[in-house]
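Peer 1: Please model the complete structure; the sequences and the hints are all you need to start from.
As you go down the protein sequences, you meet chains A and B in turn.
Under this note's numbering, the first residue of the first sequence is numbered 1, with each subsequent residue one higher.
Under this note's numbering, the first residue of the second sequence is numbered 231, with each subsequent residue one higher.
Just the calculated beta-carbon pair ranges, DEER-fashion: (1) B:Pro267 <-> A:Asp85: 18 to 28 Å; (2) B:Lys304 <-> A:Gly88: 24 to 34 Å; (3) B:Glu279 <-> A:Lys196: 51 to 61 Å; (4) A:Gly160 <-> B:Lys304: 38 to 48 Å; (5) B:Lys262 <-> A:Asp201: 33 to 43 Å; (6) B:Lys460 <-> A:Val131: 17 to 27 Å; (7) B:Arg285 <-> A:Asp201: 52 to 62 Å.
Which chain A residues stay away from chain B? Per the calculated CB distances, all over 10 Å, these: (8) Ile45; (9) Glu49; (10) Arg77; (11) Thr164; (12) His224.
Derived, one-sided and incomplete: chain A residues facing chain B with beta-carbon distance under 8 Å: (13) Arg59; (14) Glu109; (15) Leu121; (16) Thr170; (17) Phe174.
Read the hints as simulated data drawn from the structure, not as lab findings.
All of these numbers come straight from a predicted model, not from anything done at the bench.
Quick reminder that beta carbons are idealized off the backbone N, C-alpha and C, glycines included.
2 protein chains.
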Amino acid sequence: MQTNGLSNDLERIAHKTMADIVEIRLRDFLKKKAFKPGDALPKEIELAESLGVSRNVVREALSRLRMLGMIETKRKRGMVLASPDIMGSFERVLDPMFINENTLRDIFELRLTLEMGLADLLYLRMKKEDVDELEEIAKNQKITAGQHSFRIKNEIAFHGKLYTMTGNDTLQRFQNMLLPIFGYLVSLEKVPIIGKVSHLDLVNILRKGGKEDFRQGMFLHLEHHFKKLK
Amino acid sequence: MQTNGLSNDLERIAHKTMADIVEIRLRDFLKKKAFKPGDALPKEIELAESLGVSRNVVREALSRLRMLGMIETKRKRGMVLASPDIMGSFERVLDPMFINENTLRDIFELRLTLEMGLADLLYLRMKKEDVDELEEIAKNQKITAGQHSFRIKNEIAFHGKLYTMTGNDTLQRFQNMLLPIFGYLVSLEKVPIIGKVSHLDLVNILRKGGKEDFRQGMFLHLEHHFKKLK
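Peer 2: Structural data, given as structure tokens:
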């Protein structure tokens with residue numbers, strides 16, 4: 001057996017720090033005791049004593065939960081359980097600089113998938129004013145060579161507006177995070193490629209066409225991206 | 231002006247802890263210095279001295295970055311920048327117990343959007359063996375009253391397999407996280423509702439139909455969920 005095969009079969013033991021362990025214990029504790037947002041947590045010193053670890057380690061673990069928005073400190077009440085901001089922690093790591101190639105490609109595909117799936121929510125919730133506003137953005141689209149950065153900005157404005165029109169905050173924030181990565185990948189193209197269906201065409205479909213027409217239009221708009229996938 | 235209106239207009243000043251501030255400083259530092267995954271970071275004590283804060287605070291901030299997978303400790307080399315596991319931090323907060331109603335609803339819609347957008351990647355990458363396996367899962371679907379939990383398990387297996395078939399790891403992991411929330415919301419239904427198009431129907435479309443047929447089939451499969459949206 002090759003060493004390579006062995007390292008594939010034998011899963012590496014992940015090194016856990018004390019903070020990792022305490023973090024997991026605290027999560028389990030919160031779930032087991034069925035804490036609800038707003039409930040007060042035991043004091044840091046009590047947690048340290050129960051767990052038999054130093055206050056520093058507890059503070060480290062609590063700091064992680066605080067970063068995720070899972071706990072917050074209230075005046076007079078101390079630490080309470082909060083409703084985490086599910087997108088907040090995601091935003092912190094989603095930076096093209098820190099992400100490897102495979103994940104960048106995955107995220108790009110994830111974005112295409114969302115874009116193709118938007119039609120249902122759009123047709124359920126879009127208002128006439130929204131479509132008017134979208135048209136204004138589409139009209140601003142002047143594609144000239146050398147204006148790559150302008151083009152990306154406009155792309156982001158147009159597609160961002162589509163997400164806003166779904167009336168889904170989480171989806172919109174998620175998309176806001178994916179867009180810079182999209183912009184980064186598009187910026188690697190030597191020559192800007194324009195889809196068969198333009199932004200203005202999409203606006204017209206929204207005005208006069210049905211859900212299926214929009215989906216078909218969006219596919220043609222994104223087709224050159226899909227063609228690059230393997 | 232009402233107090234209510236005022237608190238809407240005046241954005242509340244968010245209270246930042248020292249760890250919050252040091253975390254932001256460290257992120258900015260890593261970006262400004264263009265650290266790449268694998269590069270060694272300065273020592274904890276050096277960071278504390280440069281920032282003029284205690285080592286405890288630096289340790290707290292580093293612990294957060296470690297939790298996000300942005301840094302890791304290597305034997306002999308000390309702390310190095312790592313490629314963050316973008317889904318890892320997301321998994322930590324995505325628990326129906328901790329998430330508020332609006333966000334749950336948003337996530338449910340996000341899942342429907344992804345499901346409707348899957349067709350393109352599926353038709354690009356699915357293999358015959360995958361469809362065979364999917365058929366086996368679909369055949370296991372026996373819906374009887376009182377077997378709600380079995381039904382949810384089967385739902386998760388079927389839709390999870392679809393995501394695997396896209397060949398996109400990030401999408402698959404993302405979906406894995408969304409599925410418990412989906413399961414949670416379905417478990418609130420008093421009577422299990424069955425879509426007009428079953429899992430087996432979807433398998434048959436994958437075998438004989440095109441992308442558009444699949445999309446239409448998926449819509450009919452999910453239609454009862456879409457009908458509940460406002």
